[in-house]
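Below, each chain spelled out in residue letters.
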Amino acid sequence: MAKTNPGRFFEEYRMGEVIDHAVPRTVSGGERALYHALYPARHALYSSDDFARSVGLPGAPLDDLAAFHLVFGKTVPDVSLNAVANLGYAEGRWLKPVYQGDTLRASSEVIGLKQNSNGKSGVVWVRTRGTNQRGETVLEYCRWVMVRKKDHDAPAPETVLPELKEVLAPEDLVIPEGLDFTNYDFTLAGEPHRWGDYAIGERIDHVDGVTIEEAEHMLATRLWQNTAKVHFDATHREDGKRLIYGGHVISLARALSFNGLANAQMIAGLNGGAHANPCFAGDTVKVWSEVLDCAETPAPGVGALRLRLVAAKGGAPFALKGEDGRYLPEVLLDLDYWALIPR
Amino acid sequence: MAKTNPGRFFEEYRMGEVIDHAVPRTVSGGERALYHALYPARHALYSSDDFARSVGLPGAPLDDLAAFHLVFGKTVPDVSLNAVANLGYAEGRWLKPVYQGDTLRASSEVIGLKQNSNGKSGVVWVRTRGTNQRGETVLEYCRWVMVRKKDHDAPAPETVLPELKEVLAPEDLVIPEGLDFTNYDFTLAGEPHRWGDYAIGERIDHVDGVTIEEAEHMLATRLWQNTAKVHFDATHREDGKRLIYGGHVISLARALSFNGLANAQMIAGLNGGAHANPCFAGDTVKVWSEVLDCAETPAPGVGALRLRLVAAKGGAPFALKGEDGRYLPEVLLDLDYWALIPR
Amino acid sequence: MAKTNPGRFFEEYRMGEVIDHAVPRTVSGGERALYHALYPARHALYSSDDFARSVGLPGAPLDDLAAFHLVFGKTVPDVSLNAVANLGYAEGRWLKPVYQGDTLRASSEVIGLKQNSNGKSGVVWVRTRGTNQRGETVLEYCRWVMVRKKDHDAPAPETVLPELKEVLAPEDLVIPEGLDFTNYDFTLAGEPHRWGDYAIGERIDHVDGVTIEEAEHMLATRLWQNTAKVHFDATHREDGKRLIYGGHVISLARALSFNGLANAQMIAGLNGGAHANPCFAGDTVKVWSEVLDCAETPAPGVGALRLRLVAAKGGAPFALKGEDGRYLPEVLLDLDYWALIPR
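Chains as they are written, first to last, in the numbering used here: chain B, 757 to 1099; chain W, 757 to 1099; chain C, 757 to 1099.
Don't take each hint at face value.
Note: identical chains are not told apart, hence a pair may lie in one copy or across any two.
Said to hold, decoys possible - In silico BS3-like pairs for lysine-lysine, Cα to Cα no more than 30 Å straight-line: (1) K1077 <-> K759; (2) K876 <-> K852; (3) K1077 <-> K905; (4) K985 <-> K997; (5) K876 <-> K906; (6) K997 <-> K759; (7) K921 <-> K997; (8) K906 <-> K852.
Quick caveat, the hints were computed from the structure, so don't treat them as lab data.
Just so we're clear, the structure is a prediction, and the values are computed from it rather than from any experiment.
Work out the full structure: start from the sequences and follow the hints.
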């Protein structure tokens, strides 16, 4: 019996099946410090326990995206080891903040299957849930990937296409218990702009840039226990390059968006996202945002902004797609998310 | 209204004004571990809680320079985003050790202003204070920078030159409450040399060297939430180089000085410092020290040494300035500080 | 008196002498997080406090190899600063897990001396012990190194060759108090293979590879406060390369062996190890294991496997030595250890 994990092939997924992912993980101040070393993260609610307490939380949570990466990393050996492409995300929701001392685990339910017409691969949709040591779901998201078949003659499963929301409605968002922005300190947070200062359609060039090093993206990707060979092994691709984990670009982009969106403190929902082009070490990443929507929430002083976050390596700000409707070659990431911001 | 921070220009500073800097930060064992990964730091008082307790402290503090960088980083968006040059430091004092769980914030008072004769820039002096969650000042220092004017026609402010001490007197130094070196363990600390073993004028070649990588200085500079573009964005300078944060060189130099100054445990005062030449990845940094002065302190067993710490990329040890009185091109740092050492 | 540490030369070691090494170190969640960032470490018992508690421990210990490196690092200034070669390890035993908050120190006893026939160097054998703040030995190992003489005319010491076990017997291994694998969760651990599923002589290609960056091995080596110049200073060797600390290769190899040995959770014994060839940044490391022996232990549900762990840069899996009996040039590490695994 072979001892190493061959990953799953398309024909091995069954509709409705729940896969419990391995390697639970306890987080501490170490993960928080590393997040601040790896990304230019400055959102006060995640940087300062005192600031977090001033808005009704027991302390500063682990960055929402760090929690996402931790959960995502656990799914790689079961979901994407034989993936050809990471096709999309939907219905991502952060349900409980993650605090130091929490232990996260993850499971994924197969919610859709569709074999490709070539018979050699298929698309698998999963709904992944991250849970803490009390069994509470801390976040969930849907993701679909194209996965190779091992046996091309294996019969195609019945096609099931999940119904996924294009965009989460404001009422789908879960506000952390106790969150109260009525006494929010804008000076400590770094910018005066509140919910009402942002207009739908407004676009913000976040100005700052970061040139990525191999050591950095590998440290980050390993920290989330993501095992995909292509991020670490320079002999894996024919061109000798190590592909940067898409989540590294997401965290880098989000951190860079602080400059102009310092008060968009918490990520509450992920509507969708595309890794438009691959990112490699040496790329200098700059980002811009567009306000797609805004909404009130029932929590005191808390508003929500739906934001498009775009990361690119070069090119002009606000450029996204060409006349052919396809992403420009310098665009790395097009993310659509809901953030919580003081009203 | 533009949402991103344009930084302040010279004409926007007012004498006596106090700027509260953003993004408070809670530190944990994570920052301590990262400090040990980023620098060859070995001072026992910062490495071991038990050692720190054996000299009267409640536990190992965060490295004094880490506390300095954390405070310094917060000032960058308000003080040095449009700075042309970092001109000097003075009257730096460490007033309270920073412990795990502490949350630091910072504010700066404008204590001097002088427009340059060209009318296009001016010098701003600030006194910066870092405070903890109890409102206690943990450190303070003066710094002056040359800042661009945005509007060259803006009127010059009245010139005010602050009176700053060339050197802190021994009685200006604040000894941490409870510090007692009478039962100091020289074996655990790593060297037998005590206060009386150092002579004024003595120079020490610290021998060891470190070749700096891009990933390392960026991880460090981000950890302190320093946002200056020039450290991270290889497209920012015309030569495509990323300038290394001067504080990275300070911490590296101080850590390398362990070999010969292992017992110069705590930094109590910063008299001045010059970043003589820029540092870039690939530079191999070596350091030497000179004993400038010595003093007793009222704390049991605790003496003070005033030390010059010089970092250079190549060149011979103890070389500092040329015949023209200017720093040699290989000299990176010339720092003047007071350290506490067992008598 | 010169202030810097010149290291010890061969003629300065005395049989039976015990050297107390400097710089005690307190560990926290920071060291754990960094270990996960630096290595693709995924063993559940070290990743999750809850998993560790489910097998009878009070929480997740610091990785056994991190504890080893911490102790090893302390010995460098006293044992290997003037070493020409690191010749071998034997009788390594992990006696107590290291937990967050523990403070480690180290001492080494000289247990063997043999001057080389050329009269210019000699071999020193030491038994090193790492102890915690309660004075309990957490690990011990023997190591021998070839050390230069300073004075070639210094008389040769009496030759003493220590008797060292080729291989630790299963009864030499110390099982952590309370360890109980009877309710071990194989799903959370990541693989179904238990003790009985491994056969003596079985070899496992662990498949994954990592290309090493300069920043990574330096961060790791500094984290363990290892001061050997050759790892950090690119001007130290004539070829301008920084030699990677052998322990970095050990930790990388062990972490990569997760894929196929996910349940070989704890390292209990180190029988021996050879750093067969030097490792440099840019090398892509892959690993394979061979099952050398197996044994039962008195602890409930706990078995032991004796494993050979081989790391290589290129070449075919399972290739180790040439026809001349010497290690192939691509082999980096040949390690022989005992691991604890559920039966």
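Against the structure, the hints come out as follows:
1. K1077 <-> K759: between (45 Å within a copy, 24 Å between copies)
2. K876 <-> K852: neither (39 Å within a copy, 52 Å between copies)
3. K1077 <-> K905: The answer is neither: 32 Å in one copy and 38 Å across copies each exceed 30 Å.
4. K985 <-> K997: both (12 Å within a copy, 26 Å between copies)
5. K876 <-> K906: Classified as within; 8 Å inside a copy, 62 Å across copies.
6. K997 <-> K759: So K997 and K759 pass the 30 Å test inside one copy only (28 Å; across, 37 Å).
7. K921 <-> K997: Neither: 36 Å inside a copy, 45 Å across copies.
8. K906 <-> K852: neither (38 Å within a copy, 46 Å between copies)
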